[in-house]
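Peer 1: Residue numbers (this note's numbering), protein chains in the order written: chain A, 1 to 114; chain B, 115 to 228.
Read the hints as simulated data drawn from the structure, not as lab findings.
It cannot be assumed that every hint is accurate.
Unchecked claim - Restraint-style ranges between C-beta atoms, simulated for each label pair:
| # | chain 1 | residue 1 | chain 2 | residue 2 | range |
| --- | --- | --- | --- | --- | --- |
| 1 | B | Ser186 | A | Ser65 | 17 to 23 Å |
| 2 | A | Phe42 | B | Ser132 | 25 to 31 Å |
| 3 | B | Thr169 | A | Met15 | 46 to 52 Å |
| 4 | B | Ser153 | A | Asn17 | 15 to 21 Å |
| 5 | B | Lys175 | A | Leu27 | 18 to 24 Å |
| 6 | A | Val114 | B | Lys175 | 34 to 40 Å |
What the hints assert, rightly or not - Under 8 Å between C-beta atoms, here's a sample of chain A residues computed to sit facing chain B:
| # | residue |
| --- | --- |
| 7 | Phe42 |
| 8 | Ile45 |
| 9 | Ser48 |
| 10 | Lys52 |
| 11 | Ile56 |
| 12 | Pro69 |
| 13 | Phe90 |
| 14 | Ser94 |
| 15 | Gln97 |
| 16 | Gly98 |
| 17 | Asn100 |
| 18 | Ala103 |
Unchecked claim - Straight-line Cα separation of at most 20 Å, SDA-like style, residue types lysine to any residue; simulated pairs:
| # | chain 1 | residue 1 | chain 2 | residue 2 |
| --- | --- | --- | --- | --- |
| 19 | B | Lys227 | B | Gly176 |
| 20 | A | Lys41 | B | Leu225 |
| 21 | A | Lys41 | B | Gly176 |
All values reported here derive from a predicted model rather than from experimental measurement.
Even glycine gets a Cβ: it sits at the ideal position worked out from N, Cα and C.
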Amino acid sequence: DTAVSQTPKYLVTQMGNDKSIKCEQNLGHDTMYWYKQDSKKFLKIMFSYNNKELIINETVPNRFSPKSPDKAHLNLHINSLELGDSAVYFCASSPYQGGNTEAFFGQGTRLTVV
Amino acid sequence: AQSVTQPDIHITVSEGASLELRCNYSYGATPYLFWYVQSPGQGLQLLLKYFSGDTLVQGIKGFEAEFKRSQSSFNLRKPSVHWSDAAEYFCAVGARAAGNKLTFGGGTRVLVKP
Chain A
1 DTAVSQTPKY LVTQMGNDKS IKCEQNLGHD TMYWYKQDSK KFLKIMFSYN
51 NKELIINETV PNRFSPKSPD KAHLNLHINS LELGDSAVYF CASSPYQGGN
101 TEAFFGQGTR LTVV
Chain B
115 AQSVTQPDIH ITVSEGASLE LRCNYSYGAT PYLFWYVQSP GQGLQLLLKY
165 FSGDTLVQGI KGFEAEFKRS QSSFNLRKPS VHWSDAAEYF CAVGARAAGN
215 KLTFGGGTRV LVKP
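Extracted from the complex, chain A is given alone in its bound form (with noise of 0.2 Å):
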């Protein structure tokens, strides 16, 4: 069983779309990420939350929108896709808020907006 999964995998796009990329974890973590990863592979916290509240949001474009449904689902919604969104994007999950535990990662999306 995956243990943090994401869909899809690969995601192309144009311009101005709207699209979604959903995140689940069985692990039975209380707290969840996304995070982007650009083309020179820097990776960079976008949102935290923990038990559905939101924790982190870093100077993320409101065109991105976070929503978790539960604990064990964090999906990220974008809105009028640019071509700089293009990036892969993981989800992670830890047990718990508070900074020392370990975060797992999802497979990535590789987002491409054309």
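For chain A, the structure is supplied; the task is to place chain B on it using the hints.
Peer 2: Okay, now just chain B, sitting in the frame of chain A:
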């Protein structure tokens, strides 16, 4: 705010040779430190972590890392590299504040020569 620097963008090593990847961090208190590995097209897998205690930590796949507070470093080592160790390696520091935000270094790409 915390930050992580990985000075080496690329390292090429011969199979069977030793490997050391450098990581320097900046954080106002005792850090939580992590090393993750990313194989091509894959998500991130935790190699090892340091929270407290013994400054030499052992991880998976024969890796170890040493925390040196005086040098603000957490270098990763492996005595004998295998071809399967070719990957991107990321050092990260975890925040104690709510949200368990991981701040990553820029990564080091390891190439293994036969």
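Peer 1: When the nearest CB of chain B is found for A:Phe42, is that gap smaller than 8 Å?
Peer 2: 6 Å, holds
Peer 1: The hint names A:Ile56 as touching chain B; please verify it with the least Cβ-Cβ distance against 8 Å.
Peer 2: 4 Å, holds
Peer 1: Evaluate the given range 25 to 31 Å for the C-beta pair formed by A:Phe42 and B:Ser132.
Peer 2: 27 Å, holds
Peer 1: Does the interface hint hold: is A:Ile45 within less than 8 Å of chain B, judged Cβ to Cβ?
Peer 2: 5 Å, holds
Peer 1: For the hint on A:Asn100, does the least C-beta distance to chain B fall short of 8 Å?
Peer 2: Status holds, d = 5 Å.
Peer 1: Evaluate the given range 15 to 21 Å for the C-beta pair formed by B:Ser153 and A:Asn17.
Peer 2: 30 Å, violated
Peer 1: Can the hint on A:Lys52 be confirmed by a CB-to-CB distance to chain B that is less than 8 Å?
Peer 2: Constraint on A:Lys52 not satisfied, violated at 14 Å.
Peer 1: Against chain B, run the beta carbon of A:Gly98 and see if the smallest gap drops under 8 Å.
Peer 2: Result: holds, 6 Å to nearest chain B Cβ.
Peer 1: That 34 to 40 Å hint for A:Val114 and B:Lys175 (C-beta), does it hold up?
Peer 2: 38 Å, holds
Peer 1: Min Cβ distance, A:Ser48 to chain B: is it shorter than 8 Å?
Peer 2: 4 Å, holds
Peer 1: Under the criterion that the straight-line Cα-Cα distance not exceed 20 Å, is the pair A:Lys41, B:Gly176 satisfied?
Peer 2: 24 Å, violated
Peer 1: For the hint on A:Gln97, just tell me whether its beta-carbon gets within less than 8 Å of chain B.
Peer 2: 5 Å, holds
Hints 1, 4, 10, 12, 21, counting from the list given before, are not met by this structure.
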